[in-house]
Amino acid sequence: MAERAGTLAAGAVAATLGLLTLGTLAVVALQTGGGLRLGPADWAALRFTVWQAVLSALASVLLAVPVARALARRRFAGRGALIALLGAPFLLPVIVAVLGLLAVFGRAGLLNRGLEALGLPVLSVYGLHGVVLAHVFLNMPLAVRLILQGWATIPAERFRLAASLGFGPGDVFRHLERPMLREVLPGAVVVIFVICLTSFAVALTLGGGPRATTLELAIYQALRFEFDLTRAAVLALAQFALCAAAVLAAARLALPAGFGAGLDRTALTLAPGGWRRGLDALAIALAAGFLLAPLGAVVAAGLPGLGSLPDTVWAAAGRSVSVALASTLVSVAGALVLALAAARGARGFELAATLPLAASSLVLGTGLFLAVYPFVSPASVALPVTVLVNAALSLPFAFRVILPEARRMQADHGRLAEALGLRGMARLRWLVLPRLRRPLGFALGICAALSMGDLGVIALFAGEREATLPLLVQRLVGAYQMQAAASASLLLVALSFGLFWLFDWGGRRGAEA
Amino acid sequence: MRTPILATGCLAAAGMAAAETPVLTVMTYDSFISEWGPGPAVEKAFEAECGCDLRFVAAGDGAALLARVQLEGARSDADVVLGLDTNLTAAAAATGLFAPHGKMPALDLPVTWTDPQFIPFDWGWFAFVHDKALASPPGSFEELAASDLKIVIQDPRSSTPGLGLVMWVKAAYGERAAEIWQGLADNIVTVTPGWSEAYGLFLNGEADMVLSYSTSPAYHLIAEEDDSKAAARFAEGHYLQVEVAGKLAGSDQPELADRFLDFMTGETFQSVLATTNWMYPAKTPEAGLPEGFESMRPEATLLFSSEEALAIREEALEEWRNALAR
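Quick mapping for you: the protein sequence lines, in order, are chains A and B. Its first residue numbered 1, the first sequence is counted upward by one per residue in UniProt numbering. Its first residue numbered 1, the second sequence is counted upward by one per residue in UniProt numbering.
Just chain B, with the same shape it has in the complex (with noise of 0.2 Å):
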């Protein structure tokens, strides 16, 4: 009789231990919370200084995350969502389930960031990476246009790499937007439904170049010690992806919340960013920026509004459809 009761004394300890610590849920894209991504260390350094229980929880990329968001709704268990970029952020917002963070932090992004509900936590340039050893590379959208260079990409559709990048085309060119595809519509190899396929595939060799993002030569640099690989710049200027995080208005800890979203933009979260989610922190860490990240800087930055992104969309995805479905 003695297991039974012992266990039933832990039970209750636990429970009460439970009880006392609060709990903060967080979700995230799947590879925010693996190994090698920025949970582990981000979860230890919270739980360190705020006495609770920091939880993620995983939901996919970056679409899938605002689906489950909405999937849940109001009975959500979350508190804080992190993962979202600007192409979801008008829509995260008509939702209704995000609460106003009150305050914005002083950032380094290349753009200025005033909105009232989601604080950016780290961002990024789309670029297409390319080998070294290609001889060549081209300088803007119309030189990769009117060379036989082969590239892959993702689709829009599926992808929010593959948006960012019909995004670019149309902040580059506007009305001019369905001619570049037309132009492109024989350098690409293939769409590919998301990132990783894309990337496997150049790895191996099927394309000269991949859309990915500026940073990724730096992740063969410091991970692999391979320099081989580089970001084409292009005049046109680069495309931003700005990850952010908003707080759940439904949230049963909202203190602890902001005290989660004042954590992520300040030293200890920014200075892990770098090296495990491979994008620019949105605050630089005081110990600077790891060696490649600086190795492609764009001439200009261009940033559709939230708004505007989503006001465009529908029509951007036509157009690419459009030229590529001939």
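If we strip away everything but chain A, and leave its shape as in the complex, we get (with noise of 0.2 Å):
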């Protein structure tokens, strides 16, 4: 029975994903009667958009695989914050990380200045190129935490019975390794495409031109140039058909690791010596080099006007951090539902909870105005509607980062628990909430660094006095306020990351215990 309730909660769950994602859509595409048109043009940005998020997916998780095994078999100083800050770029405002990214690898960037130092030539990072680049920086290290997490759900003892057998890191890949990635590494791609695919400002900044035009940007010239709505329900269309057929196919692709319960013991996975251990060494430099010097750049960009922030940014800031706790505990509350419901193996719950990645938070937002608009002002309830939109929109992570953990407690412990009679709320408090401890405190700090960062939408609905953090940075950068802006990005930054470390050290100082 409790089964039943299970999938129930989650069906409503879904239900209320699909009212506003493809609901929304449907509300954009009733309001003019045009037919569609898609052009050369469209097709030509289909392309590009699909090819981009492609190869940034693959990127992403592919360098993301040797940074994630250094990490999860070495132990060495300072190992804690950097996985933490790992969780750092994906939270960026996309402009602050664009110009964070360029003061390294820009025309006038630390590498092209380093380059001409030494008598090279520069490099230009303007191109598709640029464009994965970026997507990599952005979303590696959301792969990192994803994928190390694989390592921790195989369990100690097996890795035990390996030593004692002898085996080489050859035999531990083959045997260990590999079946965990090629549970783990499909959702990971899927996760990172479909979050490319609805990228825009990154893709023009850095791809550019026109060459580097993907179907969001369509979607903002129909919705804002054209205010051809029915053409921009329809570009929104093709962004949701890309990300079901994603999704299908990481579907078939993943396969069950099949490991069997553990004892839950906390183990030391086989560190290699020798050569493996120099090229762990490097792996983790890298990705640290790689991700930090950027990370600096904004930290850089941003310090000199903390001081004298006006006060409006303050209160933006609170708005922010009040909008972030309400939403993240609405998305990660909906997220478990999910996952638990799937992993009992009900259907179609993992495509509802992948949906509202490839939303476009325009349509999506503009489908929301129009279903409002007509019985209250938009203004009364900006902040409402956006804790609801920003729960929806990170609810994707949130099942991604639980879903593993969720299928092994099913597998290890699910028949002992109904053998048990465990049901309801004793099996919420007794084996759900101590099992996923930390995929749950991960799960609530993506989501408040996620809900930390809006824009799309609240931007249609907030009044002068509703202004979220990111919509006030944007504010600044449009009056001229570099500094102010710089510094406010930083605040952003540093709160959207506070609330992640916080949930994040949360989950993990408890799972260790």
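Honestly, the hints are just simulated from the structure, not real lab data. Even glycine gets a Cβ: it sits at the ideal position worked out from N, Cα and C. Hints should not be assumed to be uniformly reliable.
[Stated by the list, open to error] Here are some chain A residues the structure puts well away from chain B; computed CB gaps all over 10 Å:
{"id": "1", "residue": "82"}
{"id": "2", "residue": "102"}
{"id": "3", "residue": "106"}
{"id": "4", "residue": "292"}
{"id": "5", "residue": "296"}
{"id": "6", "residue": "509"}
[To be verified] With the C-beta cut set under 8 Å, the calculated list includes, among others, these residues of chain A facing chain B:
{"id": "7", "residue": "41"}
{"id": "8", "residue": "107"}
{"id": "9", "residue": "108"}
{"id": "10", "residue": "209"}
{"id": "11", "residue": "217"}
{"id": "12", "residue": "220"}
{"id": "13", "residue": "221"}
{"id": "14", "residue": "373"}
[What the hints assert, rightly or not] Cβ-Cβ distance ranges computed for the label pairs, FRET-style:
{"id": "15", "chain 1": "B", "residue 1": "301", "chain 2": "A", "residue 2": "124", "range": "34 to 42 Å"}
{"id": "16", "chain 1": "B", "residue 1": "147", "chain 2": "A", "residue 2": "315", "range": "40 to 48 Å"}
{"id": "17", "chain 1": "A", "residue 1": "116", "chain 2": "B", "residue 2": "325", "range": "39 to 47 Å"}
{"id": "18", "chain 1": "A", "residue 1": "279", "chain 2": "B", "residue 2": "314", "range": "53 to 61 Å"}
{"id": "19", "chain 1": "A", "residue 1": "174", "chain 2": "B", "residue 2": "314", "range": "53 to 61 Å"}
{"id": "20", "chain 1": "B", "residue 1": "133", "chain 2": "A", "residue 2": "292", "range": "30 to 38 Å"}
{"id": "21", "chain 1": "A", "residue 1": "174", "chain 2": "B", "residue 2": "147", "range": "56 to 64 Å"}
{"id": "22", "chain 1": "B", "residue 1": "35", "chain 2": "A", "residue 2": "285", "range": "42 to 50 Å"}
{"id": "23", "chain 1": "A", "residue 1": "318", "chain 2": "B", "residue 2": "22", "range": "27 to 35 Å"}
{"id": "24", "chain 1": "B", "residue 1": "112", "chain 2": "A", "residue 2": "244", "range": "50 to 58 Å"}
{"id": "25", "chain 1": "B", "residue 1": "102", "chain 2": "A", "residue 2": "375", "range": "32 to 40 Å"}
{"id": "26", "chain 1": "A", "residue 1": "315", "chain 2": "B", "residue 2": "133", "range": "33 to 41 Å"}
{"id": "27", "chain 1": "B", "residue 1": "307", "chain 2": "A", "residue 2": "289", "range": "55 to 63 Å"}
Fit chain to chain and form the complex, with the hints in mind.
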């Protein structure tokens, strides 16, 4: 019976997500009677969108594997801090991330100044390679965290057995790591592919011009300049179709690793010495340098004005934190319900939980605006709408984080719990929450941080008094206040990261005890 | 029990006060109402003389503003829309949502203005802004194309200055516009979605020049006491951006809306604009223009009428895209 109630709850969450994504799209599509017309430029945009998203997702995940492996099997001072910092790039507001990257890789960036000093030709970052570079910077750390969690799901007993059987690194890879990667990688690739599908400002700015037009730009143009809502809806539908195709393909590729249950002993995974130690050190150093240099540029740009920020910034920061906390609770609760249902083998929830990633936030915001406008003033519901939308948009990440552990819990302890009649709240308290503490902490952290950085939707709703921090950053750059914007961005990053770290630390601490 | 009764009394009083004070709702773009924009000063000054409550609703940038007007349609609570430009007014007029203003005040615009529905409140010339350290700034698009200078521009499909640049090249070169764009292709470092990204890239040293306004150097001079920026004068002339406001036909405060439009071209409003919106006021204030506004006067002013702009937009965008997508 409890199972049915859980599935019903998951159905309700999935239906809400469906309404928010496809429902808002339908509202937009039904506004005007115009037919769909996709010209050659749209097909070119579609091709570029898919191509850059495929390259970005594969590059992010493939580069993440050696880094995650090195982090999984080595222990060194600052390891915990580095793992926590891996959350940071993902949380940067787009314009801040772009300026940070350009401070390192741009025409006047550190890299080119170094090359010039050595008398070497300068490199241009603008083009498809720049787009992929930026997407790897933003998403590779997320992939590292997702894969690192995969390593944590291999029971300690398997490593002990491998050690007593005298397994070399190659055997460990074949028998333990490869099955785990087979389970984890397709999901990570899909998440990053879908995130990159809706990329707009990063792709255009680093892509160097109209060659780098993505579907999201075409949607923006249709909504803002042409007011062709039908066209915008058709383009947004294409994004959903691509997302659905990716989720289905990944579901076919991913295979459960089938390690069986362990006894929860913490284990240091086998750490081979020799040249492999050097290789691991190199992977960690390269990744840390690649991620920390642009972050350092962001901090350096923001620090000078931090003391003289206007009061409106602090007020907006307070609003952003409350919105983030509220949507985090909603989001993780929804993700947990969906992940538990999916782990029990119920179908369709995985797709429902990935759909919001492919939502064009412009279409979603416009659809909600049209749905709400006849009844209440948009400004009066700005914050609740933002909470709901942020919760929906961050749910896919929480879901991905929780799902592997939820599956393992179901496989390892599901039958025992059934036999004991452990159900409802008791099951939640004695089985689910303790077993899932680590992924839940990470999921809460990711959701809180992501909900700090919202934009597409609140911009349509907020009046003077409802502005959140990201919206204020945008208003600051629009008013030539570049220093204040850089400092407010740093504040935004610090707050996002602070929330992320707090939840993540809480989850990891409890799990290791 | 005292608190609820008191609270109810206060609420009732507040409600009555609200019923007596008419509310004028002005929909505008974000930066107009920010604390550095003209909004706060305008609100204070107008409320002091109208006996009304002036409320601003912000809606992104100029293009987002028109989209918002269309989304809200005839049901809109807004009375006045402030911040459209000449690339948008034909589409705005075609919605049938705007009412004629019935009169045109005398203004100091570099062109004659006769639009029956929209009244200008400020204007500016598009220009490429550079650092004064730049040895020989180009004097025309052709010189720019022949040089190896690097520029950042905005995408005309998502940004009003970007669209302004496409119109500028079209107005200056007509049939040769595509050729000019092909010549410029290797000068363009990148194309950004909006003005702020492009300007940020320029300030961070990613390009020698950025498409902005001829008054941008005056911002640095006045607000930051930084005299290092200049706008390049192009021999073809400079394209004009005129920012306008219009009254919505569905307004429930038509007289107050008219009064606001009168106020908009009056001395108080106009004297706030130069150093908050960093554009030329539509009517030069008695105190004249601030320092730096006269440092770059173009030889000619280019501007398509709003009907022409709408008619050629698609073709001009296509030329731009084809030339740069190679």
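Hint by hint, here is what the structure shows:
no., hint, result
1, 82, "27 Å, holds"
2, 102, "6 Å, violated"
3, 106, "5 Å, violated"
4, 292, "19 Å, holds"
5, 296, "15 Å, holds"
6, 509, "39 Å, holds"
7, 41, "7 Å, holds"
8, 107, "5 Å, holds"
9, 108, "3 Å, holds"
10, 209, "5 Å, holds"
11, 217, "6 Å, holds"
12, 220, "5 Å, holds"
13, 221, "4 Å, holds"
14, 373, "7 Å, holds"
15, B/301 with A/124: 34 to 42 Å, "36 Å, holds"
16, B/147 with A/315: 40 to 48 Å, "47 Å, holds"
17, A/116 with B/325: 39 to 47 Å, "30 Å, violated"
18, A/279 with B/314: 53 to 61 Å, "55 Å, holds"
19, A/174 with B/314: 53 to 61 Å, "59 Å, holds"
20, B/133 with A/292: 30 to 38 Å, "32 Å, holds"
21, A/174 with B/147: 56 to 64 Å, "59 Å, holds"
22, B/35 with A/285: 42 to 50 Å, "45 Å, holds"
23, A/318 with B/22: 27 to 35 Å, "33 Å, holds"
24, B/112 with A/244: 50 to 58 Å, "56 Å, holds"
25, B/102 with A/375: 32 to 40 Å, "35 Å, holds"
26, A/315 with B/133: 33 to 41 Å, "40 Å, holds"
27, B/307 with A/289: 55 to 63 Å, "56 Å, holds"
Going down the numbered hints, you'll see the structure goes against 2, 3 and 17, while the others check out.
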